[in-house]
Amino acid sequence: MADDFRILVVDDEAVITRSCQRILQAEGYNVETASSGKDAVLKMEQAGYNLVLTDLKMPEMDGITLIKWMKNNRPDAGVVIITGYPSQETIKDALDVGIIDYVPKPFTPAVLLDVTGRAVEWVKGKTGVEEKPKEEFPPSMISELDRVIEQYKTKPGSSIPVLQRAQEIVGYLPPQIMKRVARGLNLSPAEVHSIVSFYSFFTMKPRGDHNIRICLGTACYVKRVEESINKLKAELKIDVGDVTEDKKFSLETVRCLGACGLAPVMVIDDKTYGAVSPKKIKDILGSYS
Amino acid sequence: MEKYRANLLLCAGTGCVASGTQEVKEALKEELKKRDLEDEIKLVLTGCNGFCAEGPVMLVYPEEIFYQKLTVEDIPKLVEEHFLKGRPYEKLMFREPEKRAAIPLMNDIPFFKYQVLRVLRNKGMIDPDSLDEYIARDGYMAAAKALTGMTSEEIIKTIKDSGLRGRGGAGFPTGLKWEFASKSQADQKYMLCNGDEGDPGAFMDRSVMEADPHSVIEGMVIGAKAIGATKGVIYVRAEYPLAVQRLQKAIEDCREAGLLGENILDSGFSFDVEIYLGAGAFVCGEETALMRSIEGKRGMPRPRPPFPAHKGLWDKPSVLNNVETLAQIAPTILNGSEWYRTLGTEKSPGTKVFALTGDIRNVGLVEVPMGTPLKRIIYDIGGGIKKKKKKFKSVQMGGPSGGCIPESLLDIPVTYEDIVKTGAIMGSGGMVVMDEDTCMVSTSKFFLEFTADESCGKCTPCRVGTRVMLDMLTDITEGKGKEGDIETLEDLSRDIIATSLCGLGQTAPNPVLSTIRYFREEYESHIRDHWCKTGICSHLCSFHISEELCKGCQACLKACPQQAIIGEKKKAHRIIQELCIQCRSCYDTCKFGSIKIGPPGKKDLPAPVSKAEDK
Numbered sequence: 001m002a003d004d005f006r007i008l009v010v011d012d013e014a015v016i017t018r019s020c021q022r023i024l025q026a027e028g029y030n031v032e033t034a035s036s037g038k039d040a041v042l043k044m045e046q047a048g049y050n051l052v053l054t055d056l057k058m059p060e061m062d063g064i065t066l067i068k069w070m071k072n073n074r075p076d077a078g079v080v081i082i083t084g085y086p087s088q089e090t091i092k093d094a095l096d097v098g099i100i101d102y103v104p105k106p107f108t109p110a111v112l113l114d115v116t117g118r119a120v121e122w123v124k125g126k127t128g129v130e131e132k133p134k135e136e137f138p139p140s141m142i143s144e145l146d147r148v149i150e151q152y153k154t155k156p157g158s159s160i161p162v163l164q165r166a167q168e169i170v171g172y173l174p175p176q177i178m179k180r181v182a183r184g185l186n187l188s189p190a191e192v193h194s195i196v197s198f199y200s201f202f203t204m205k206p207r208g209d210h211n212i213r214i215c216l217g218t219a220c221y222v223k224r225v226e227e228s229i230n231k232l233k234a235e236l237k238i239d240v241g242d243v244t245e246d247k248k249f250s251l252e253t254v255r256c257l258g259a260c261g262l263a264p265v266m267v268i269d270d271k272t273y274g275a276v277s278p279k280k281i282k283d284i285l286g287s288y289s
Numbered sequence: 001m002e003k004y005r006a007n008l009l010l011c012a013g014t015g016c017v018a019s020g021t022q023e024v025k026e027a028l029k030e031e032l033k034k035r036d037l038e039d040e041i042k043l044v045l046t047g048c049n050g051f052c053a054e055g056p057v058m059l060v061y062p063e064e065i066f067y068q069k070l071t072v073e074d075i076p077k078l079v080e081e082h083f084l085k086g087r088p089y090e091k092l093m094f095r096e097p098e099k100r101a102a103i104p105l106m107n108d109i110p111f112f113k114y115q116v117l118r119v120l121r122n123k124g125m126i127d128p129d130s131l132d133e134y135i136a137r138d139g140y141m142a143a144a145k146a147l148t149g150m151t152s153e154e155i156i157k158t159i160k161d162s163g164l165r166g167r168g169g170a171g172f173p174t175g176l177k178w179e180f181a182s183k184s185q186a187d188q189k190y191m192l193c194n195g196d197e198g199d200p201g202a203f204m205d206r207s208v209m210e211a212d213p214h215s216v217i218e219g220m221v222i223g224a225k226a227i228g229a230t231k232g233v234i235y236v237r238a239e240y241p242l243a244v245q246r247l248q249k250a251i252e253d254c255r256e257a258g259l260l261g262e263n264i265l266d267s268g269f270s271f272d273v274e275i276y277l278g279a280g281a282f283v284c285g286e287e288t289a290l291m292r293s294i295e296g297k298r299g300m301p302r303p304r305p306p307f308p309a310h311k312g313l314w315d316k317p318s319v320l321n322n323v324e325t326l327a328q329i330a331p332t333i334l335n336g337s338e339w340y341r342t343l344g345t346e347k348s349p350g351t352k353v354f355a356l357t358g359d360i361r362n363v364g365l366v367e368v369p370m371g372t373p374l375k376r377i378i379y380d381i382g383g384g385i386k387k388k389k390k391k392f393k394s395v396q397m398g399g400p401s402g403g404c405i406p407e408s409l410l411d412i413p414v415t416y417e418d419i420v421k422t423g424a425i426m427g428s429g430g431m432v433v434m435d436e437d438t439c440m441v442s443t444s445k446f447f448l449e450f451t452a453d454e455s456c457g458k459c460t461p462c463r464v465g466t467r468v469m470l471d472m473l474t475d476i477t478e479g480k481g482k483e484g485d486i487e488t489l490e491d492l493s494r495d496i497i498a499t500s501l502c503g504l505g506q507t508a509p510n511p512v513l514s515t516i517r518y519f520r521e522e523y524e525s526h527i528r529d530h531w532c533k534t535g536i537c538s539h540l541c542s543f544h545i546s547e548e549l550c551k552g553c554q555a556c557l558k559a560c561p562q563q564a565i566i567g568e569k570k571k572a573h574r575i576i577q578e579l580c581i582q583c584r585s586c587y588d589t590c591k592f593g594s595i596k597i598g599p600p601g602k603k604d605l606p607a608p609v610s611k612a613e614d615k
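Note that the protein sequences, when read in sequence, are chains A and B. As numbered in our numbering, residues 1 to 289 make up the first sequence, in order. As numbered in our numbering, residues 1 to 615 make up the second sequence, in order.
Each statement offered as a hint is correct.
Pairs of lysine-lysine, BS3-like flavour, derived with a Cα cap of 30 angstroms:
1) B/Lys388 with A/Lys280
2) B/Lys389 with B/Lys113
3) A/Lys155 with B/Lys311
4) B/Lys160 with B/Lys311
5) A/Lys282 with B/Lys387
6) B/Lys297 with A/Lys179
7) B/Lys482 with B/Lys533
8) A/Lys231 with B/Lys591
9) A/Lys271 with B/Lys33
Treat the hints as calculated values from the structure; they're not laboratory data.
If we strip away everything but chain A, and leave its shape as in the complex, we get (with noise of 0.2 angstroms):
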């Protein structure tokens, strides 16, 4: 475990702090320990911390109202509760406010590591994804997103045409994207992600400069589509839903274009192309360098 990553125990009770903080060093964590909720802001504002273990009842502040202090002051830090009172309300006000796990009372060793272990990975890919977009896509670009997020949000059924929008604006799908969109819509990212996988329109990966479909329908495959696709796929070295190295070439297939007078039809961008043939492939890609 890098030294890096701080994790700090929170509990009135000193058997609790002293044995995780026993556990987790054993397996290598950089553990510290404080004993009130007042205890844990002072602790934090001494010294950064990634991860936050802690107690719900304690004295002088508890832990509903540290978990609060650091939504507004520590965004970035991770919560994992540890309680007693496993109960449905006590977990919902706690997931209300932001935690990532719970720890339920009393726990093995095995059970601490678990949860700490998940908990660590869910803190360092929510900090790397979420830098993410600043760097990958223009202010612009999501602007853009939001202002037809806003657009959208009070008309019900909406999931679909955003999404749409967005791959326009941004020409896939990533995670972060849908996070975005799954929020504004007030939905949540599960969601969000379970239309996107389940339209064959969307995509979770960028598309080429140049996006290639080609046509599977059933008049294409009696003219025999099949052979164009193989050469496609030797001309470009790649294998359908991929990207060439270059990212100049995407190639898809897809269900019918309902072109079927044409068949074998291809379409790359917005232009069709008709009756097309292994010996047509090589002339048509040349003709976009």
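Given chain A's structure and the hints, the job is docking chain B onto it.
For chain B alone, kept in the frame of chain A given last:
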């Protein structure tokens, strides 16, 4: 309004655009300007004409002369000959393959001669972006009649009496559907249009939306009045950008003209339509799935009842009609149910649009009266098999839910009842013709790939069963089939049909069952002899050159990517089996039919082909 000496109706459907309509249009415009004919001759871009294989096509009014395969280079000559000298330009006219004479008039061309246009009444005749042109063809007369002079009951009675059946596939009586919804009590009802044309090989809905968007909207207005809906949604595939654009324009024009919105035509009736873009899921053609999708969820079907007529979109009574169904509403209201019944059969009245594609000469959209024999459609209108020496093998109807009909049944009339008896279904009207070079096992595998991929996953028999069937079919095409596989496939098919919730699973095994029914010996040959006689399954065949038939032209030798063919000019060639990769290039190249397909692994040369065939 200005009058023109001639109107040039240039097709701007997707097919023709891909073949070069835009370039031809620019060339025509320029040429007309150059010759100072701009004020006399009007150029109109129309929706899909239907004769897609010959595109770009153009119809010249008033004479109704049909030009095809236009190129930019031909335009100066065409304008000079036809519009300056008054001599229609023969070079660009349609010719029947065996006959030399050009056919100038559109309605003399066999492809058009046997068609009766109701759904496609305006195809290639009007500018789809012009509300005025639609109105000039009696557009919105029926809506006016329905809104101002008919009660909801009268509209429903007319449609019920006409016997119109839903053109989406199942053929449920439209009037009945409307009646159920009209009797449901609710504060809000929805009139929906299904433009999510998912069947591969069918493109009639796309053409109607592109060529005549107002006919769909008019049908929806009348339907809305019948069931008491004030809101409508057209669900269109995102893969159809031109259709979306045209519908959008049509809706805006209607709102401006007061044909959509509050108090339409001062009748007190209000109705408005919006477009919803589908995101590509075949199962969304199913009505409950489509409604879920509009609600912004995964498009998965749910059990019925409750039927959408009682609880549909947002749990409100809803009617979902197919594009082709809606396009027939206006003329039926205008002319009455008796008129509608003048074509077609007792149980399947009216006309049906088919998308004729595959190994056929005249590819395109055709509309014929119900009850027309399949033979007429395939041979008279379609012109028969494209390749001269090849024989007809089968016609696939109904897409992945349908089946393959063999030559022996081509006399049957196309009606809902008769097609079902063959093991296929009417479906949305895709008609894919296959010649003798088609392997039926591979074809059913193709459809199973489709359904296995598109199964939404809700019902285990459909999700897992189609996958198991696909694996078996793949094994068979690779020579790993076992004795008893055919029976297992049949058993699995029956189970999947019986235990799936929606139409996708209930019909997914149809392509397999129908090919087993009519082409069982092909399955047996694949399994027992490991021999694909069409040479499509490359593991299960070998190619040989018949010494008697080979003319020694060296065409195959040049076509072979492996240099596996040897032989001198004018002497019979041979294939070196060790080098052959069964790519079929020689087979497709040979003009004399001298390449024969034997069972795999015949390494000795020359192969005794005639004996292999006797086997």
